[in-house]
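Add chains S and P to chain X, keeping to what the hints say.
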Amino acid sequence: MTIASRTFWIAGSIMVTALLVWGWQLIADYGGIPPVFLPGPDRAFRALLSGFDGGELTRLTRATVERMIYGWILASLAGIVVGALIGSSRLAREYIAPMLEIVRPVPVSAFMPVVMAFLGLTGTMVLVVIAIGSIWPVLLATVHGVSSVEPRLMEVSQSLRLGRLRTLWKIALPNAQPDILAGMRIGLTVALILAVVGEMLTSENGLGWYVLQSARAYRSADLFAGVIVLGLIGLISNLALQAVERHVLRWKRR
Amino acid sequence: MKLLKALVLPVALLIVWEIAMRVSGVQSDSLAAPSQIAVAFYAAMLDGTIPRRTAETLRAALTGLAIGGGSALVASIVLGLVPPVARLMQFSIEVLRPVPAVALIPVAILSLGFGYGMEISLVAFATFWPVLIYGHAAIANIEPQLLDVSRVLRLSTFGRVTKVVLPATLPRYFVAFRLATAVSLIVAVTVEIAANPLGIGYELMTASQSLHPDLMFALVLWIGLVGWGLNGALLLAQRRLFGPAAMAEIAR
Amino acid sequence: MPNVSPLPRTEAAGATPLIAFRGVSHVFGTRPVLQDINLTVGKSEFVCMVGPSGCGKTTMLRMVGGLQTPTVGEVTFGGKRVTGPAQEISFMFQDYSKALLPWRTAAGNVSLALEASGVPSGERVARIKDLLGKVGLANHADHFPAQLSGGMQQRVQIARCLAQEPSVLLMDEPFGALDAMTRQALQDEILRIIEASRTTVLFVTHDLEEAIYLGDRVVALYPNPGRIAQVFEVDLPKPRNQLTTRESPAFLRLRRALFDFIREGEA
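Protein chains in written order, with the working numbering: chain X, 1143 to 1396; chain S, 16 to 267; chain P, 453 to 719.
Derived by calculation from the structure, the hints in this document are not laboratory data.
Don't be surprised by glycine CBs; every beta carbon is placed ideally from N, CA and C.
Don't take every hint at face value.
Quick look at which bits of chain X chain S covers, simulated, 3 or more residues with Cβ under 8 Å [to be verified]:
(1) 1147-1156
(2) 1247-1254
Okay, derived cross-link-like pairs now, SDA-like style, lysine to any residue, Cα gap no bigger than 20 Å in a straight line [as the list claims (entries may be wrong)]:
(3) P:K550 with X:V1207
(4) X:K1312 with P:H595
(5) P:K690 with P:L660
(6) S:K17 with X:T1309
(7) P:K550 with X:R1294
(8) P:K690 with P:D712
(9) P:K690 with P:E497
(10) S:K20 with X:R1232
(11) X:K1394 with X:R1303
(12) S:K20 with X:L1227
(13) P:K495 with P:L688
(14) P:K550 with X:T1309
(15) X:K1312 with X:H1286
(16) P:K550 with P:T510
(17) P:K532 with X:R1303
(18) P:K532 with P:K586
(19) S:K178 with S:A152
(20) P:K550 with X:P1293
(21) P:K550 with X:E1297
(22) X:K1394 with P:H592
Next comes chain X alone, as it looks inside the complex (with noise of 0.2 Å):
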């Protein structure tokens, strides 16, 4: 498709969404609908530039984003060392990984009344609980990157006499890259997840609590400007993680 057409087609669906914008508009005005439940993007927006203005919604954005990324990041370093060393090792994988795979079903989120018996509801449980969940996605990732070696690799390895640890270090790791990135990617997305539902249950401070409390007190706009505001974190993230995806795999391209 031509750049011509493609700019074309892109203005046209940014256009088909401030249509629906506009139709949610209409029906907030018109709909019959009590603003108490469903306010108006112009309110709903009113309510996300004054909360940022007034400095509270950075705050809470702040405290948010903050937990969410060093939640993921100790947990995607920690998940990185324990796959290699579990991945490199033929007696770990026969013994250690059918476990992992027990406790693959069970959702993230049941894991925070474990904690919470053992952490009660204070900010460290959900940080717990969050690299609980993020570490997941990434541990399973990097057993199976750093398995699956082309065994070519492995031999050429062996000509060099490259060693365990360097072999290690020097091919089976970055052969990992794509599985680890994708895997880093799904454990963002449940670190985003847990922060919020933590919040939502601790109270401790940050857009899940507040958007709960927005709902509590029939604060609509507000709710709907929380709302916005932890898409936009979701959104974002994805995007960023894609790109730095692109940069690191492209080896990849022809």
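Just chains S and P, lined up with the frame of chain X:
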């Protein structure tokens, strides 16, 4: 042999855990011995807690899946067969998709209150997207010659959809629904843990807050089992229904 | 009659052999793959091994490279038994696309061998540049394998093998997957490169003409189980030329003899 190796470590850990709990004699509010967990599980099964709560969660999850997945099925067919519509909806989809379903919990509470309605709506929202994206991709990737054949045979739109499009894409839709089923369970349990007073998630929270670690762990294990069982059953159905030819289709 | 010795000359001319197979037999499970192989290779010799599939020529190569241990007999290098891969012996694989690290550039792949040998990072840059220059890839140092043609990828492998500064080069059908023109270009390039460094080469190939063109000796193996059936002396002048050498009467006679011999073996 492989199975035995796989069981060695878990069984060993269970034994160590059991012994540790008994020897230390500690009465914990957050830890329970494997034997206690088994007992609590058995009891909760017998008195109907687990069956009842499981039914509640499954009812919400599967209803939400039917609504979200079903509407996504139709929407994806439209997107797939009418590319201009797909291109025009692109931006709206990319903007709505990253909103985490949990962020909408307060919205659902505000408009629908607690109970099945809000949980079903949230599950529907969450399961809509994977089916839409995968389904659209499946249709967009139909062997173009098949569509030519449908045109040469002068099939009506309905005929084209039912006789060519759906059968060609069924295996991929099945995979998409399998994924969506897992999502429906996860979202349902998450909503119950976060706010909604029904289902296994709620029971899990109650067990934790009322300091019943044995029941709590039993429920966690049960949730895992249900998820695994559901996925396993669907995998089996997938293999039976579609066989190796379709599996190659999915892999492509 | 072309230069075919009545008894196959399995012993290298000159003093101490660099590589030696003594009474080597090998089985994979219950399948016999090699039977009583006795062969020596002298320093700076270019020995080609040919034969149909199943004659164990690749297995022999891997034994010298330390990637395989014979079930019976021993393979020695410099008088000592081969127990594993050695610094002085480099191995070049046929499937170049799988033998290069796809996430490293051409320079990065060559660097791998230098890193393995413990060359300090300061020295590496200059040596990589030199090696890539030798194989004609000076302008492609920053390209990834996915961006290089088959011939270029194989050249990267050659550069990586040379980075080890080997005394022995083991090549396993290195040009088999390339088109005819690229193959001829790389044949000449190999000859040119080792002429300067006087490296010993063990070269496995399916292509009988290639074997004669490149080699000082051609070892012909019969399959099932693999055994040395005949060794041909290649008395063609060096340097070789794709046109003149291949048209020379000596070449054609050798070619005829080798073809006939292999055909008899397959019968």
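Hints versus structure:
1. 1147-1156: holds (count 5)
2. 1247-1254: holds (count 8)
3. P:K550 with X:V1207: 41 Å, violated
4. X:K1312 with P:H595: 19 Å, holds
5. P:K690 with P:L660: 18 Å, holds
6. S:K17 with X:T1309: 27 Å, violated
7. P:K550 with X:R1294: Measuring from Cα to Cα gives roughly 6 Å; hence the hint holds.
8. P:K690 with P:D712: 25 Å, violated
9. P:K690 with P:E497: 13 Å, holds
10. S:K20 with X:R1232: The given pair, whose Cα atoms are some 12 Å apart, holds under the 20 Å limit.
11. X:K1394 with X:R1303: Violated, because 27 Å separates the two Cα atoms, which is more than 20 Å.
12. S:K20 with X:L1227: It holds: about 18 Å lies between the C-alpha atoms, which stays within 20 Å.
13. P:K495 with P:L688: 19 Å, holds
14. P:K550 with X:T1309: At roughly 16 Å apart (the allowed maximum being 20 Å), X:T1309 and P:K550 satisfy the hint.
15. X:K1312 with X:H1286: 16 Å, holds
16. P:K550 with P:T510: 17 Å, holds
17. P:K532 with X:R1303: The given pair, whose Cα atoms are some 18 Å apart, holds under the 20 Å limit.
18. P:K532 with P:K586: At roughly 32 Å apart (the allowed maximum being 20 Å), P:K586 and P:K532 break the hint.
19. S:K178 with S:A152: 19 Å, holds
20. P:K550 with X:P1293: 9 Å, holds
21. P:K550 with X:E1297: 10 Å, holds
22. X:K1394 with P:H592: Since the Cα atoms of X:K1394 and P:H592 sit roughly 16 Å apart, the hinted pair holds (cutoff 20 Å).
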